[in-house]
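Protein chains: 2
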Amino acid sequence: MATATATATKKFVYSFGGGVAEGKADMKALLGGKGANLAEMSMLGIPVPPGFTITTEVCAEYYKNDRHIPEDVIPQIVEGIAKVEALVGKKLGDPADPLLVSVRSGAALSMPGMMNTILNLGLTDESVEGLAAKTNNPRFAYDSYRRFIDMFGSTAMGLEHELFEHALSAMKTERGVKLDTELTADDLKELVIRYKAIYRAHTSPSHDFPQDPKDQLMKAINAVFNSWMGKKAREYRRIEKIEGLLGTAVNVQAMVFGNMGNNSGTGVAFTRDPNTGENVFYGDYLINAQGEDVVAGIRTPEPISRLQEEMPQVYDQLLAIREKLERHYKDMQDIEFTVQEGVLYMLQTRNGKRTGTAAVRIAVEMAREGLIDHQTAVQRVSPDSLNHLLLPRLDPKAKERPVARGIAASPGAAAGKVVFSAEDAVHLHDVHPSDPILLVRKETSPEDVAGMNLARGILTSTGGKASHAAVVARGWGKPCVVGCDALVIDEEAKQASIQGHIVREHDFITIDGTTGDVYIGKVPTVDPEMTGDFATLMEWADEYRTLKVRTNADTPRDARRAREFGAEGIGLCRTEHMFFEDQRIVDMRKMILADTTEARVKALNDLLPHQRADFIGLFEAMDGCPVTIRLLDPPLHEFLPHDDSGQLEVAKQLGIPVEKVRQRVAQLHEQNPMLGFRGCRLPILYPEIGDMQVRAIMEAAIDCAKRGVSVHPEIMIPLIGTVEELKILKERAQALCEQLLSEAGLSIPYLIGTMIEVPRAALTADEVATEAEFFSFGTNDLTQMTLGLSRDDITLFMPTYLEKKIYKIDPFQSIDIAGVGQLIEMGVRKGRQTRPNLKIGICGEHGGDPDSVAFCQSVGMDYVSCSPFRVPLARLAAAQAALTNGGKVQRDK
Amino acid sequence: MATATATATKKFVYSFGGGVAEGKADMKALLGGKGANLAEMSMLGIPVPPGFTITTEVCAEYYKNDRHIPEDVIPQIVEGIAKVEALVGKKLGDPADPLLVSVRSGAALSMPGMMNTILNLGLTDESVEGLAAKTNNPRFAYDSYRRFIDMFGSTAMGLEHELFEHALSAMKTERGVKLDTELTADDLKELVIRYKAIYRAHTSPSHDFPQDPKDQLMKAINAVFNSWMGKKAREYRRIEKIEGLLGTAVNVQAMVFGNMGNNSGTGVAFTRDPNTGENVFYGDYLINAQGEDVVAGIRTPEPISRLQEEMPQVYDQLLAIREKLERHYKDMQDIEFTVQEGVLYMLQTRNGKRTGTAAVRIAVEMAREGLIDHQTAVQRVSPDSLNHLLLPRLDPKAKERPVARGIAASPGAAAGKVVFSAEDAVHLHDVHPSDPILLVRKETSPEDVAGMNLARGILTSTGGKASHAAVVARGWGKPCVVGCDALVIDEEAKQASIQGHIVREHDFITIDGTTGDVYIGKVPTVDPEMTGDFATLMEWADEYRTLKVRTNADTPRDARRAREFGAEGIGLCRTEHMFFEDQRIVDMRKMILADTTEARVKALNDLLPHQRADFIGLFEAMDGCPVTIRLLDPPLHEFLPHDDSGQLEVAKQLGIPVEKVRQRVAQLHEQNPMLGFRGCRLPILYPEIGDMQVRAIMEAAIDCAKRGVSVHPEIMIPLIGTVEELKILKERAQALCEQLLSEAGLSIPYLIGTMIEVPRAALTADEVATEAEFFSFGTNDLTQMTLGLSRDDITLFMPTYLEKKIYKIDPFQSIDIAGVGQLIEMGVRKGRQTRPNLKIGICGEHGGDPDSVAFCQSVGMDYVSCSPFRVPLARLAAAQAALTNGGKVQRDK
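Chains A and B supply the protein sequences, listed in that same order.
Read in order, the letters of the first sequence correspond to residues 1 to 893 in the UniProt record's numbering.
Read in order, the letters of the second sequence correspond to residues 1 to 893 in the UniProt record's numbering.
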């Protein structure tokens, strides 16, 4: 065969075991992940059952060769088996003391459960007797044999696994027992006969279960190769976009058994505590058991420390291996081991999963121990895992079960008394200020902000991760669950039902914004611990970071908190949130309902001192740092009530006819408010609104500057679509600023720039940059418009879209690089084309998403801005992005 | 001076008159439009008062030279004056018989009223007496002198024109007269004294009115140059984006007077009838009058034909000039002339404005006369002017005055009985089928379509040019006025008020969709005339056109009409419009309210035969042409009533609890439906909806094909944002089509493609094209998303935006080339990168806009599609675009 000839001199089979190996850890592409790590352990002198790996190249050849293993591979397999036989001292098919092997798949990337595994290969009618005799355990021998027939039949021959399951169930019924373990050796011997009959009856062409172990082996290897192109595996690769792999490797390895008496056992362990990160050996084991017994949970495993008493030698050996693996892999390991008749075998090692707390502690301690350097420590911790460190969470010891699950919108747990409206929250807070409040709504709107602010947590029945409730809650670091379909609210009756549970006003419920779970009643929560390791890691991160990290904050309190977390300025202050409190909303409404410019100016003048005071507070909290303030953005109707009673109240409050309120609401009503009369369109029509805000900013800056506060105001004009809008508004703002500064006799550095959130602004960024002194990408709106997705309206179809992988990830969570990313890249490039030193950042929700931060770094932004609680996460993500990019900002993609 | 030296040998002054000229028509950049045409006429031997033009280069030098005319220009001006004196036989400042001149600006591009003009220059205290004596008309002489002082003072010296006006008014009051003409020569002589006093008092430094005509002339020339940088002129150039001009030229020309007795006169004429285009001499004149008397309208002018009797020689001379000008300029001319004491002078010629009807007739007849070729005829007619030929319009003889003006949304005029709801329209039509109906609404929605269809015209108080009412009305060629703020509707009381007029149900009103005017009562309308010339011009256009022109049509009737207008296929059939009639809406609602897939499928099966029948009708009407059918696009809630009574009715009709209807409406409610659950998102969630529509299309195609109809169905999937959506839906549609064709044993060519209307689809067009077999740019939605503008919500701010020139033109009317255009260009380029022969068209409202058609040609589209009534317009625009691009499609911009 041409193929065979072409590959005649190649090495296809890599042996391992006995302290040596032909492969090693960095040969994953050729040997698969499992094979490479087994080789590596063997080479390190760690005891692994001997075996060999057939390379992924053979898999490729197998398919080129019309699903036949090339001829010249066979001798290498035979040689591999011979080596295993030599090391183990048993022979495949030896009737007296047979070598048994496992045959497992293993590609370069993990594809859990997608491909085939066959255990106990080598058993035949003859050798099963030998095994029974040799082990003095016929029950074990026949149980192993019947499992082998099942696995071989269903994976290598494509029989239905259920056929064997049914036979097993039937046997148990006949014997009047419930558990497999209650079947005797004779029962299992009988079952082997029935299994073989099933095998014969259902294979096509019909044949007996193969009694030649070499034949078994070749068929098993074929089966593993076949599973590579199985429907499940192909589908998995398509969905996960796994491409460019040659195929799967095949690992053939001597079987070891932990269930051969009290000098045998099996266990799993972590080299450090995966929950706390503490440098202790952590794990469980079971005496006289196999791995599946641990999983089945029939017997309770013992803590690993007990092994010191039961098998002191094995324990010492394990401690040494633990040490060796950590020194070698330089990371915490998750290991599996089996003790067969007093002999320890390692079956697996891999980097262990861990909590965020543990991740930070392990990284910092390993660096201090000299195992890794600072850079590696910084790269070792997933930014998302930091959430764990920053938020209250459900007490892990709590036993309550959730009644429903919504979308996890803002992490952390909160328990509180249910209220069904923002007003009720305010009322409850007035009467019982210390009661914890949980706001439960269909959806929230800016009118609910006061009530939302008082609540410990927010639960809505609609909305997605980027709904108003979710965005506001994340901004405040407040737990929030949205889109909880199971929740049906009767607002008038002030009660709700969740999966049959009726929840009345002031009943307790608990939400877990990290998982989306909803609980009836009060589940205890625990506060996060902020350890010194965390601060250390952040310092190390800052050694490598080049992107600045700012925060989105609307209040001095948020600003201060963000600064504690390391924020280097405010990237987005949403001024509209300041208009909902107390007297301000009255003045705001006066302004909106004004008939004349004069009346509007008068109402605005009443708002001015409040805004000025807000900005003074922000400037003070951010002394020395830039503060970007966005001018009023939402449509005006958001400040007016839409219901009759609310409108009546406003009319009374303002002393005007209700009809007028109604008319104005109707006039301001919009089909698609997101694309309506908002953002810069407001001051284009009503320049006095912009004037008031600019004046408040500059007067606050002057007030602070006079008192020695270092202020760097950046005035940001939202929703620009054309340079003309920016030009008109910038000229006016600049004139006012210059006038105020000249009156004060001061010089304060300030910038006037714009959000880039309308696609047209990105497309024409070269023009926009002729006026803009900075760009801030508002990726929430940019995503809405570029993808044609209203973030408030995606609940109906986004789950299906994610399930069908139309979007691999919610585009409001992580920047859609292929689409929105193109516009951002274009905006940065064109903007800097006009103004090479243009300051550019991002202030959408994406500023706190690690992948998005990496993208921002790659296109050459100067900073990201995110909610206070995500600042540490962004710092870490930025450091990692800088390290990935070699510490250099890559401006040319 | 350096400047003077550098330009020493240059020609700065170009003389004309006496049958010769130094300049000519194609020297507009140097001589300005007026100067170039005066030179041209002079050269043609047409009598023009002699004069000279100071070039635009001098204007540029003037500014470089710190607002001084370069020294070496002065001798050329002196020489120019000498030539004029020689030709006229009078001398500037001659006390006995002075030469008088006018001094006028004239840039290369017309800037009407932006710059200065001074008449009667050369009059002094001395020469005014000579003029009085020579003309034997002291009144004329002093009136000329006082006008000169006024013009010179206000334009050359910057005095307030009002100072002189007040003196004139005071004099009339003193004399107890009302009209200027009632003042005597002595009165005017006294007025000259007062004017000179004003001049002395207000000039700074104070000085007497200049008595040296050369001094007057140089000051006047300076004044014209200064006006080039005047605030008005600069602003005008900024707004109109006029750039790159050197400056203005100055025209100095001998004055002629038409008010020197009954052998004098003045007139304006067109070389052909500007209303009908008929080849007759058309115009008016006044004996013993000046141009301003014609404008003032004090005396009624005589038709030009009467001149034949009054001044037969002059008339013959004019006829000869008319002939000469048309032969020379090869277009209909608009001319001004003056007869001074029996001698004819031409003062101006330029291409004449004309109606659409006239434009077509003139172009075709001039081509037949051999004056121009077909290509020129095609390029001569503005596509927009064709509207005139295709729609009913208000009788020009009607005397009614409009009471309000809204936005002209769909041209043509309609009078009808007012109804305030679509149901009332249906009801009125049921009872009195022949009554003309005018639908008056706040806004319209797809539920109103049946009533809209019955109405002669539609008037809404809100919405812009791209609102639902406007789009539907334009599609049907139905007159429509939207955004009429003055209209306040009380729907319950069934009455409206417009500027104080109360309009009750069934009262008549009339709208003019061409102007936006609204009239109380019934204003007579006239039907359009479709002449043979029009058809001829269209044929000539098709000789040059390379873009195909299709139509947006939802019914066989529209399709047939469009084909009569020359449509070459359907570019967009909106299937949702088919779901509102009769039983269909019931089935549609059943489908939407279905609890299970089965129930949904059942309702869809009931809709299937209707859809199939619709498509059969379309395929038959478009036999041989491609028919693009868009799958269901709008959000489902548009098919459900939003009011209580409507929901109750649906509940009754469908036999389900009203609560269920309410719940579903609430569930489908969206904040921003434009960006919500619509388009391809519907069949992604409910594949059975797409199945039904695809089946209806293909079954209809099969039915037609069997009967010998040539069908070319193109299935269009809307709102694609990712290639994954298209892939899922295309695979399913293709499988169904193939199954149906195979069952029928037929092979029918069909395509499956997509709208490009979400910005992301354009950005990732290379990916989308891996699946799409054609692209159709949906520029309505693409504009909405790219510009962040909801077309239903722009009424509040778009007028201000247009006024401030933030948008030079409504982006829903003409493609925003700088923004949306970039995405289109990118979409075309990337799409063809993947699939070089990708068929690409446009089906937004822009397909009927000439500038947009030109853009589509320039980016290399294959076709445009527009509403039936705009098909001729698109054909002409496409021909012109092809000719502008040299007949070649330019794919690389």
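Hints listed in this document are in silico derivations from the structure and should not be mistaken for laboratory results.
Everything numeric in this text was worked out from a predicted model, so none of it was measured.
Worth double-checking, as some hints may not be accurate.
If chains are identical, the list can't say which one is meant, so a pair holds when it fits in one copy or spans any two.
[What the hints assert, rightly or not] Lysine-lysine pairs mimicking DSSO-like chemistry, simulated, CA-CA at most 30 Å apart: (1) Lys839 - Lys24; (2) Lys522 - Lys417; (3) Lys522 - Lys652; (4) Lys652 - Lys442; (5) Lys805 - Lys727; (6) Lys660 - Lys442; (7) Lys808 - Lys830.
Now for the hints, and whether the structure bears them out:
1. For a Cα distance limit of 30 Å, the shortest separation of lysine 839 from lysine 24 qualifies neither inside one copy, at 48 Å, nor across copies, at 54 Å.
2. When the C-alpha separation of lysine 522 and lysine 417 is checked against a cutoff of 30 Å, the pair qualifies only within one copy, where the shortest distance is 9 Å, while the shortest distance between copies is 66 Å.
3. Within a single copy, lysine 522 and lysine 652 get their C-alpha atoms no closer than 41 Å, and across copies no closer than 44 Å, so neither meets the 30 Å cut-off.
4. Both within a single protomer and between protomers do lysine 652 and lysine 442 lie at most 30 Å apart by alpha-carbon distance, with minima of 28 Å and 28 Å respectively.
5. Taking CA atoms no more than 30 Å apart as the test, lysine 805 paired with lysine 727 passes between copies only; the shortest distance there is 12 Å, against 42 Å inside one copy.
6. For the identical chains of this complex, lysine 660 and lysine 442 are neighbours both inside a copy (29 Å) and across copies (18 Å), given an alpha-carbon limit of 30 Å.
7. For a Cα distance limit of 30 Å, the shortest separation of lysine 808 from lysine 830 qualifies both inside one copy, at 29 Å, and across copies, at 23 Å.
Against the hints set out earlier in the document, violations occur for numbers 1, 3.
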